[in-house]
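There are 2 protein chains.
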Amino acid sequence: MNSKMLMLGKKRSAIREIFEFGNKLRAEIGAENVYDFSLGNPYPPAPDCMRETLEKLVQNPAVHAYTSAPGAQVVRDKVASYINERFPINQPSSLIYMTEGAAASLCSVLYATVDSKDDKVVVFTPYFPEYKVFVESAGASVIEVPCNEEFKLDKNNLLKVIDKNVVAVIINSPNNPTGVVYPKENLQEIFDVLKAKEEEYAHPIIVIADEPYRELVYGDKEVPYIPTMYDNSVVCYSYSKVMSLAGERIGYVAVSPKMENAQDFFLAVCGAGRSLGYVCAPSLFQFAIVENIDKTSDFTTYANNGKTLYNHLKSLGLDCVNPDGAFYLFVKAPNGKAEEFCEKAKKYNILLVPSTSFGVDGYVRISYCVSEKTVNSSLPAFTALMQEYNK
Amino acid sequence: MNSKMLMLGKKRSAIREIFEFGNKLRAEIGAENVYDFSLGNPYPPAPDCMRETLEKLVQNPAVHAYTSAPGAQVVRDKVASYINERFPINQPSSLIYMTEGAAASLCSVLYATVDSKDDKVVVFTPYFPEYKVFVESAGASVIEVPCNEEFKLDKNNLLKVIDKNVVAVIINSPNNPTGVVYPKENLQEIFDVLKAKEEEYAHPIIVIADEPYRELVYGDKEVPYIPTMYDNSVVCYSYSKVMSLAGERIGYVAVSPKMENAQDFFLAVCGAGRSLGYVCAPSLFQFAIVENIDKTSDFTTYANNGKTLYNHLKSLGLDCVNPDGAFYLFVKAPNGKAEEFCEKAKKYNILLVPSTSFGVDGYVRISYCVSEKTVNSSLPAFTALMQEYNK
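Line by line, the protein sequences are chains V and X. Following this note's numbering, the residues of the first sequence are numbered contiguously, the last one being 391. Following this note's numbering, the residues of the second sequence are numbered contiguously, the last one being 391.
Don't take each hint at face value.
All copies of an identical chain are treated as equivalent in the list; a pair is satisfied when it fits inside any one copy or across any two copies.
Listed next, the in silico DSS-like pairs over lysine-lysine satisfying Cα-Cα at most 27 Å (straight line) [claimed, not checked]:
| # | residue 1 | residue 2 |
| --- | --- | --- |
| 1 | Lys195 | Lys258 |
| 2 | Lys24 | Lys56 |
| 3 | Lys184 | Lys221 |
| 4 | Lys307 | Lys373 |
| 5 | Lys132 | Lys117 |
| 6 | Lys258 | Lys11 |
| 7 | Lys155 | Lys117 |
| 8 | Lys195 | Lys120 |
| 9 | Lys132 | Lys295 |
| 10 | Lys56 | Lys295 |
| 11 | Lys332 | Lys56 |
| 12 | Lys10 | Lys391 |
Hints listed in this document are in silico derivations from the structure and should not be mistaken for laboratory results. Note that the structure is predicted; figures quoted are calculated from it, not measured.
With these hints in hand, go ahead and build the complete structure from the sequences.
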């Protein structure tokens, strides 16, 4: 038996542990009395148009057959043309690989990229904890680079640790767990460093843009399209969050046409998919996606929840980042003690995730993909929690 | 870039190459004139009850949310109780892991099993070629053990090559590419060897039962349930073939409750799934499966096609195995020259796969998951092909 796999299976993520605790609490005191901000399961339903499309598609059982391994051609064509409508990139469909969601996108790309156990992949902290699992599974190791105090990318911190073994950098914007969207000039600083290092090291450094929250932004916030800024890049996309289809496992990898040896890299992604046991992305949802490619779920609840919680927590004296996108609020724990804050919050039936799960100390993540009613009912509990600190 | 992944992506399987050639030919002379026996895409549609279930399920967008990583509890319960209805095994749902089809089942189990680069996994030839990809991706190497002349398992051939590095044995029945179902006594011979070797080597040897064709058998052929015969076993199942849902990627892993450290092995499977980027099996089809768990597609076409082709090829003097199950006919090539036979067949618009793809020489695979019309129309083409040999 493989001991690493056993450990991964045994050590459930801290987030899942909290969720399970929530299940116990819900059974005891009723779901309406538990303010569970632990999980990232989308709250609004998939849009109505998705139901209509599915009703129609299931009339034809041919939609359940294998597609080609990289996806049905009609689907890849539609994804590429939609990217080209939105961004100046000339994305050919021949570099689109349909996947079983964001995790599958990331694993396929990482397995295609990593070639030696000395290889390193940069992640910016705080970061989605499964990145470490995927990078190590692909055979490389993670280098953590701290963001600055506003949770933007920090080129000086990158310069301190980058070396010739760095083969890839993961950038996640809108960000889980901070809700930050990196502005164009912030990304540019990082890309300038990476381009210089590509020259110096004489090998490509792949930027992996993990973008499951791309459309989930507030106001008129713009999410720069990384392949228009950095040549050796690949976008990992998923419809889980923006279309509330998290369980259906559907997304794609878009290899930038400007990448060095783009076609070979694409073939390596296909090879990686093959070796990971991805035969083709779920076919019904491949076809369902193409008919709704410009649609999203209704994000009103997220926008309202983010605003309500941000304003309330600020009024209680808590320090947090006003989210640009995604559905997370990253809150500084009183006295910098995250675990203590989470424990105290539990007494008020508030379930939070400590930031140690995301590679930094002293914060908690609030995942506000819940009903507005839950958020509104939680406000007095937050007030009571902070009164305990202030008495 | 990873060179192994690039090679896997570049070297499309021989089966896919032939299918692509078929696409060209179809465009030239019309689909009805091409007798394409290359692919294993199920022919009959998914059963009507599946469409009805899907129509109903898609009314509730909550079915699209994440389930737990090993699958929704209600689904795991139903799968376990169905196994227990059919076989005397006492399968607990706590050892059921829902997967994205057979390839995902196999990869999760192999990654959970393999712990050292010296580890070896036995496959019996001829065999499904992706086994080699999955085993090597998990970090082990394949040992090929030839079946006997009737394509049954051969314990003497196993004894010749088994050594202490063997950690697992893959058994695929009904078999792709031969259509053979291994009888109970044949399996027992192999299990007796393995049990003795487990003693001798003082470590478990896991039997991986790859069973995507379990229900697809002809007449009253019985497929023995391996966990009732061998303790250290795990079943990899998929609904792709038996329910004609190949594109939807839905199946399961059932760890035998009799396995040594069954719960730990199950957790290692969960850990492997996590490290491969499997978040949960597609949720809509998890729920769709439980409502139709005792249903299959209508296999009449397969039964008729198998009989028609077997009888016709025998009448032409070709030597082949009368299939017990699955939808493949394994035919001895005239003069033992498989590639030549496939090339000659192409002139008659018959597309066959040479057995070198399956680890043996001198045979071709006919995949008869096509319409009865296609099979009937192909008979004169087979006659003409054999006349060329006999003139």
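Checked hints:
For the homomeric pair Lys195 and Lys258, the shortest alpha-carbon distance inside one copy (14 Å) is at most 27 Å, but the shortest distance between copies (56 Å) is not. Taking CA atoms no more than 27 Å apart as the test, Lys24 paired with Lys56 passes in neither setting, with 39 Å inside one copy and 31 Å between copies. With identical chains, the CA atoms of Lys184 and Lys221 are at most 27 Å apart within one copy only, with a shortest distance of 11 Å there and 65 Å across copies. Within a single copy, Lys307 and Lys373 get their C-alpha atoms as close as 14 Å, which meets the 27 Å cut-off; across copies the closest is 64 Å, which misses it.
In the homo-oligomer, the alpha carbons of Lys132 and Lys117 lie at most 27 Å apart both inside one protomer (14 Å) and across protomers (22 Å), since each shortest distance falls under that limit. For a Cα distance limit of 27 Å, the shortest separation of Lys258 from Lys11 across copies, 24 Å, qualifies, whereas the shortest one inside one copy, 40 Å, does not. Taking identical chains as interchangeable, the C-alpha atoms of Lys155 and Lys117 lie at most 27 Å apart only when both belong to the same chain, with a minimum of 25 Å there against 39 Å between chains. With identical chains, the CA atoms of Lys195 and Lys120 are at most 27 Å apart within one copy only, with a shortest distance of 17 Å there and 43 Å across copies.
Proximity of Lys132 to Lys295 under the C-alpha cut-off of 27 Å is found in neither arrangement, the shortest distances being 32 Å within a copy and 41 Å between copies. For the identical chains of this complex, Lys56 and Lys295 are neighbours both inside a copy (17 Å) and across copies (23 Å), given an alpha-carbon limit of 27 Å. With identical chains, the CA atoms of Lys332 and Lys56 are never at most 27 Å apart, being 48 Å at best within one copy and 45 Å at best between copies. In this homomeric assembly, Lys10 and Lys391 never come within 27 Å of each other (Cα to Cα): the closest approach is 40 Å inside a single copy and 67 Å across copies.
Violated hints for the displayed structure, listed by number in ascending order: 2, 9, 11, 12.
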